[in-house]
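Enquirer: So you can see what is in the structure, the chains are spelled out below.
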Amino acid sequence: MKAIKIGILTVSDRASTGVYDDQSGPAIENTLKEYLTSSYTTLYRLVPDEQNQIENCLKDLCDIENCCLVVTTGGTGPSVRDITPEATEAVCQKMMPGFGELMRATSLKFVPTAILSRQTAGIRNQSLIVNLPGKPKSIRECLDAVFPAIPYCIDLIGGPYLETNPAVIKAFRPKSS
Amino acid sequence: MKAIKIGILTVSDRASTGVYDDQSGPAIENTLKEYLTSSYTTLYRLVPDEQNQIENCLKDLCDIENCCLVVTTGGTGPSVRDITPEATEAVCQKMMPGFGELMRATSLKFVPTAILSRQTAGIRNQSLIVNLPGKPKSIRECLDAVFPAIPYCIDLIGGPYLETNPAVIKAFRPKSS
Amino acid sequence: MKAIKIGILTVSDRASTGVYDDQSGPAIENTLKEYLTSSYTTLYRLVPDEQNQIENCLKDLCDIENCCLVVTTGGTGPSVRDITPEATEAVCQKMMPGFGELMRATSLKFVPTAILSRQTAGIRNQSLIVNLPGKPKSIRECLDAVFPAIPYCIDLIGGPYLETNPAVIKAFRPKSS
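Residue numbers (my numbering), protein chains in the order written: chain A, 1 to 177; chain B, 1 to 177; chain C, 1 to 177.
Note that these hints are calculated values from the structure, not bench results.
Cβ coordinates follow ideal geometry from the N, Cα and C atoms, glycine included.
Misleading hints may appear alongside valid ones.
To be verified - Pair ranges (Cβ atoms, derived):
1) A:Ala-90 <-> C:Leu-43: 32 to 40 Å
2) B:Ala-167 <-> A:Asn-165: 42 to 50 Å
3) A:Asp-21 <-> C:Thr-41: 38 to 46 Å
4) B:Thr-17 <-> C:Lys-109: 38 to 46 Å
As the list claims (entries may be wrong) - Okay, the calculated bits of chain B under chain C, using three or more residues with CB under 8 Å as the criterion:
5) 19-28
6) 153-162
Take these sequences, add in the hints, and give me the full structure.
Expert: Here it is in structure tokens:
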């Protein structure tokens, strides 16, 4: 059975220089703990909003660490330093537009500025990379929306079998492929 | 009056090698029969999930056969062999993101894994190319969602005038362009 | 305090050659008058559906005139001459897919042909460029949908502070960034 490794990448100039503590990475880690009943390990990384560093970190988590899933937080807005979606696209072979569409539509129920998020998702070899927003509350809303599709996506790209706690989140797998 | 030709392209490694019979192509053909009251002919093709073969087939259906509409089925997921959206984008001059958005939003009412579909649509010269999912049930859901806009789209790109059976599907044409 | 300048660019072969009067540009101007309580000036331009001319006009409104917001109208459909989204993408450093998604979803409540609109939005330096549809009625529907997020977007890219009349449209700014 394949070991399950999940990468968590916080992209933030301020957190990476110690101006404040990263709350988003831990929020993702806590959410995954609630979701998953499979045993897994998380790899946590923190980089500034520099495209090269984000790309290198994504490649490392996918290619060297073999994470089946890498979630990023931060850097998806319109500001000049926000570059996470571009870095994601640069390292992916396939883009998954449905993730960004659903996350924006979900966040839009809470705030009209949800349309300013440029978050996306894509596939690099056998890894799914998903951009999440920067704020813990929005992170949870977005993960709740897209996570039901993630275990099956990982099945399809040849990754390990993720099982969830159905009382918290229901992974959906179609009967016949 | 221009003859109406519609291309149906099934993209499937297994169906193209005879591992199973293609059910998706015939499902599209049956749906079109219910929709359209104009007389038309369909051209059916079946290719494996090879980008070159998909592209060549799309070009042939558009440029040589002059199909005003080409619908594909299959190859839109995240798996390594799924390459239909990339082949579609490679042969189109204009992409139509609204088709993929609406088809995913529609499928999402039925299954949370709808966000894994990367289906898109685009224009090549005077042909509209639309990617559909691989499963007959999802094909019908998606066609029901987007088909009302297709006859007017074909008008706008200089194609023939398609008429539908309004008891099954209502083509919408704005009063003034 | 920074002066607020807003560019309005009508893209239309027929209006630009005087076949009819542009109604879309004035419709945008009137809507902005209702929305904004900040004092601002508008710069109005009219060009044919030529990619070079659209790009040059966008660059001029952003780089020379320092408009914080440029809204275009027209040229977003599937027709061979419709090229506004491509011109927009060519001059932007960052694309904002959430604008097009929300505008199409909004127009879809009124007409099924909303999916034929390829309108998008993006950032060029300190300017937000937003494509609107060509018809005055659709323009208002789309602006009502996306405008609540626009003042905060302009804050984030370093532009001036736009204030709206909350009885007409509520600008939303999250409490903490």
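Enquirer: Compare the structure with each hint and give your call.
Expert: Results for each hint:
Between Ala-90 of chain A and Leu-43 of chain C the beta carbon distance is about 35 Å. The supplied range of 32 to 40 Å therefore holds. The supplied range of 42 to 50 Å is met by Ala-167 of chain B and Asn-165 of chain A, whose beta-carbon atoms lie about 47 Å from each other. For Asp-21 of chain A and Thr-41 of chain C, the hinted distance range of 38 to 46 Å is satisfied, since their beta carbons lie about 44 Å from each other. Checking the proposed 38 to 46 Å range against Thr-17 of chain B and Lys-109 of chain C shows it holds: the Cβ atoms sit about 45 Å from each other.
Given a C-beta distance limit of less than 8 Å, the hint that chain C covers the region 19-28 of chain B is violated, as 0 residues qualify and 3 are needed. Figure legend: the region 153-162 of chain B, annotated as covered by chain C; annotation consistent (4 residues with Cβ-Cβ distances under 8 Å, at least 3 required).
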